[in-house]
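S.K.: Given next are the chains, with one letter for each unit.
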Amino acid sequence: MSQSFDEISAQLRRRHRKSARLKWISMGALGLAGLFLVLFFADMLGKGMPAFQQAQVQVEIDYNEDAQRMGRAALDPEVSRLVSRTFERLIPGQIRDNPELLGTTETRWVLADSQVDQYLKGHRHKLSESQKATVDALVEQGRAELKFNTTFFTTGDSKMPEASGILSAAVGTVLTMLVTLAIAFPIGVMTAVYLEEFAPDNRLTQIIEININNLAAIPSILFGLLGLAIFINFFGVPRSSPLVGGMTLALMTLPVIIIATRTALRSVPDSIRHAAFGVGCSQWQVVRDHVLPLAMPGIMTGSIIGLAQAMGETAPLIIVGMVAFIPDVSASFAEAATVLPAQVFTWAGEPDKAFVEKTAGGILVLLAILIFLNASAVILRKKFERRW
Amino acid sequence: MNIQVAERSITPMTGHTAGEPVTRNEDANHELSIRVRGLDLWYGTTQALKSLDIDVYQKNVTALIGPSGCGKSTFLRCLNRMNDLIPSVRIKGLVEMDGRDVNEAKMDEVALRRRVGMVFQKPNPFPKSIYENVAYAPRMHDLVSRKADSDELVERALRDAGLWEEVKDKLQEPGTSLSGGQQQRLCIARAIAVRPDVILMDEPTSALDPISTATIEDLMDKLKQQFTIITVTHNMQQAARVADYTAFFHLGEIVEYNDTKTMFSNPATKKAEDYITGRYG
Amino acid sequence: MQTDQLLALFSGILLLLGLIAFFIGRAKATRVRATGTAMFAQPDQYAWFAVLATAGPAITVGILGAILMLLLGAKIPPLYLLAGSLVVAAVGLTVGVRQVRPDFHARQAIERVIRFILVGAALISIFTTFGILFSIVFEALRFFKMHSFWEFITGTVWNPGASFLAAAGRAEEGASAAQFGSVPLFAGTFMITAIAMLVAIPVGLLSAIYMAEFAPQRVRTLAKPTLEVLAGIPTVVYGFFAAITVAPIIVSVAGFFGLDASFNNAVAPGIVMGIMIIPFISSLSDDVINSVPDSMRQGSLALGMTKGETIRDVVVPAALPGIISASLLAVSRALGETMIVVMAAGMRPNLTANPLEDMTTVTVRIVAALTGDLEFESAETLSAFALGLVLFAVTLTLNLVSVLMIRRFREKYRVNNL
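Residue numbers (my numbering), protein chains in the order written: chain A, 1 to 388; chain B, 1001 to 1281; chain C, 2001 to 2418.
Since the hints were made in silico from the structure, they are not lab data.
Take these hints with a grain of salt, some might be off.
[What the hints assert, rightly or not] Computed list of chain A residues with no C-beta within reach of chain C, every gap over 12 Å:
hint, residue
1, Asp43
2, Phe52
3, Arg69
4, Thr86
5, Trp109
6, Leu127
7, Glu129
8, Glu197
9, Pro269
10, His274
11, Val344
[To be verified] Stretch-level coverage of chain B by chain A, calculated; a stretch enters the list once three of its residues show a Cβ under 8 Å from a Cβ in chain A:
hint, segment
12, 1061-1072
13, 1208-1221
Here a beta-carbon is modelled for each residue, glycine too, at the ideal position from N, C-alpha and C.
Chain A on its own, in the form it takes in the complex (with noise of 0.2 Å):
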């Protein structure tokens, strides 16, 4: 005779648990995960968001006989080590340039030496006992605070953490991805239509089929071996520059835009296309006319987020040497350049602790964009879906 259902349920008590068990387990590792991500950006926000603000003070500047030579003796001596070295290197050239200002003064804000912007966010900081009351008093008149740090903004790297900026990394990260683009695009969306309208199902287009997957699991740093190798020893392309790290982003991207070119154009219904045989159209003609225009917001997508993957990449360039020091913004394609990324590498290694911030506002920037682009891939996408 069977047993009761509840003789049976007594027995499965235990059973319950543990698939209970299961469940919350599981539902904790996602949990888990969920919360990395969320300590990993407020630690990023926390470090980085002080980065945007910058210490300044309000100093007289007297232009006399001394400030011509060096820079330092137009400030008071008391502030003189308060303000950013940067500044004062420029007072001897301004003073040249315009010999009118020797015998003047005047009354500015200034870019604060990074330690007294270090001390007054609270951080750790190597002002003396004296240095630290003079600022305390600077603060009491309001003639040192914390203000919008545009510096960041506006200027290239420097050595010095308060005058450093990613204006030059962001210029060499768009200078990168127009090369990048410029080839991979083409290249990948005329490799997909190949293979998706053209092919024949031959072993020539399963091993380019078989290729495209594995080299899109190629690890990045070789793809950085392949540019020095071959972009910069063999054709010479000059090293650091744009040209070389956008061909060897290329390649990288170049299968993330072939796999997403392929899946917008499969999503093209058979329909379609006989239509287009049917009222006489070429292959060509009907993959420009009519398969093209229907599949672009999906290429499009797919090439926002190759784009935003090759934006984030950093160790084939630092192969090819687009981890130059680099303070000046160049707009050339030929010149030594660095990236965002590379940026935040560089900075990351700097011994000076004020320049912590700064790689995390480095980091902050670069994560805005990349969220900007993916969003921005996803809206497409949600937009332009389409149900056939």
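Chain A is already provided as a structure; the job is to place chains B and C on it using the hints.
M.R.: Same frame as chain A, now just chains B and C:
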């Protein structure tokens, strides 16, 4: 010999008590296994089952027939609460087994499914060895404690399912390596290994070739000595061959529930007659 | 003249010739058609054919010349090359325009050319793979000429220190001979990869199980893209996070237990790398678990199994090839990951089993060898390519095995969306 049961007439159409068969099959066992009264089921807002009444008797084969989409599979899945897996399903009415309403809040659906096994339309062996396919559930249910017990149970289940001779030398091969008919018998062995009271079969032969179908039909005949079998079939000849009782479903209702022989020779309703004679379906 | 000026001139003239070809071709075709002659193609197609006939051969000649100069060292004055290709362009133009005849299949000719260009584009991906392979193999062979392969594979001391002196022909001045035993580097790589997998596989797999089996639809649609964010964060950012935030935490936690941890310990980059890899495992596992046929789950539930038992004993084993495949891809990813270890792991080749010590990895040494002033003859620089070769071989194998496993899964359950 068939006796017309005409007292206590409730259902106007057939003039017999709700849920009972129109004609009794005197060869059959008449201990009640599952009693269904006023069962309604909705998928979202669509009503798929309408006020079903049926008494299923123990150690019989009861066949559910009817045109596709008439609710016979849906009804079958009410009996072991497999419909719980579909979020939009809503159920009202009584499905009683062993004196308990299977839909009541206290009922543990896992316990229910241990007593009401199921064989599916398409064979679905687990991605395990033939041996493990059969031994897995009894081991989890603590029906066996030693390896020897397990071996014995596996052999008995495979013998009962008529598969032992074919697989005894390759018990460690994956269950998926068998042919379709063998896989289905493996699934039957798997179901009977946990000694349920009822085995539900949802068109168990529709994916199989005629020879495998015949084997499984013979098997059902043998298994009914130990188990109550309720089978859905789209094949009327099969129902006629294997079933003691047959229920004819149409548009979510049980139009006629009758002794199989009577159902196919002298159905009580016009609709069942039309279906059986092939006017629609 | 400068090369880029020449190039600009070349493009300008070619563009002009192309325009001329287009308009002459179209005008001629229109004229012929106006006489009432039936033609095989539209005037525009004849025009485009003329353009292709002009530009195609000229560009081919230009590229061939450039390749000859670069690869074979042929000394062709750029000006001659330019002039030559422009002459070819002019010839192409006359031929192209002459081909504008009613019986000429301009459309088919264009299709053939386009097809040719598309094949060319598709081959670039192949060239890239071979480019990587050749560039690495070629330089690695140069390295193995200087140092034995056996020593590289089995040596336990990595000390490239004096190799640049050897390259400068002053080997005897070096205090000790350079040694290139890669075992400590691979040990470090595997240690960090193992730590990453210890984080990523349980968290990723369990998250996938929750999303696929338990989570309500709303949570699922939200959780998946959120997890993907982890994969979209640049690795350099993770590296900073590992070095600045996680490593000090590890050091203080170890200190709490009375253990001594280096700030460049292997645990911090390992954990952070694991976090980065979670979505690789969860996303693919989720897809795989979802494509396990529902009949499997129902078969198990119908036997009176609980949901947990069904997942553990039926669903996960059925999805196992896919899960293993995802894990292999993740391992391959971790082995080749560079920025996190460059920023958070050590520089010192250190053969140890203690993850709290600093250790270095293959990718760290590749970066170290190739940054700064490059002296391509030095064994240290070339050693980067030898390491890269091994990395390439290992990741390629992992990727291929992973592809094979997922294909087997796909064939077994006949799913097409993986």
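S.K.: Could you run down the list of hints and mark each one as holding or not?
M.R.: To see whether the hints hold, each was checked on the structure:
1. With a closest Cβ-Cβ approach of about 5 Å to chain C, aspartate 43 (chain A) is found to fall inside the 12 Å limit, against its non-interface label.
2. Every Cβ of chain C is farther than 12 Å from the Cβ of phenylalanine 52 (chain A); the closest lies at roughly 17 Å, confirming the non-interface assignment.
3. No beta-carbon of chain C is positioned within 12 Å of the beta-carbon of arginine 69 (chain A); the least distance is around 35 Å.
4. With a least CB separation of 25 Å from chain C, threonine 86 (chain A) remains clear of the 12 Å interface cut-off, as annotated.
5. A cut-off of 12 Å between C-beta atoms confirms that tryptophan 109 (chain A) is not in contact with chain C; the least separation is 31 Å.
6. Every CB of chain C lies more than 12 Å from the CB of leucine 127 (chain A), the least distance being 23 Å, so the non-interface label holds.
7. Non-interface status of glutamate 129 (chain A) relative to chain C is upheld: no Cβ of that chain comes within 12 Å, the nearest being about 28 Å off.
8. Remark: the non-interface label on glutamate 197 (chain A) conflicts with the geometry, its nearest Cβ contact in chain C lying 9 Å away (cut-off 12 Å).
9. Every Cβ of chain C is farther than 12 Å from the Cβ of proline 269 (chain A); the closest lies at roughly 16 Å, confirming the non-interface assignment.
10. With a minimum CB-CB distance of about 18 Å to chain C, histidine 274 (chain A) clears the 12 Å threshold, and the non-interface call stands.
11. Interface exclusion of valine 344 (chain A) from chain C breaks down, the closest Cβ pair being 5 Å apart, not more than 12 Å.
12. Restraint check on the segment 1061-1072 of chain B versus chain A: 0 residues with Cβ-Cβ distances below 8 Å, three needed, restraint violated.
13. Counting residues of the segment 1208-1221 of chain B whose C-beta sits closer than 8 Å to any C-beta of chain A gives 0, which falls short of three, so the coverage hint is violated.
The structure fails to meet hints 1, 8, 11, 12 and 13 from the earlier list, while all remaining hints are met.
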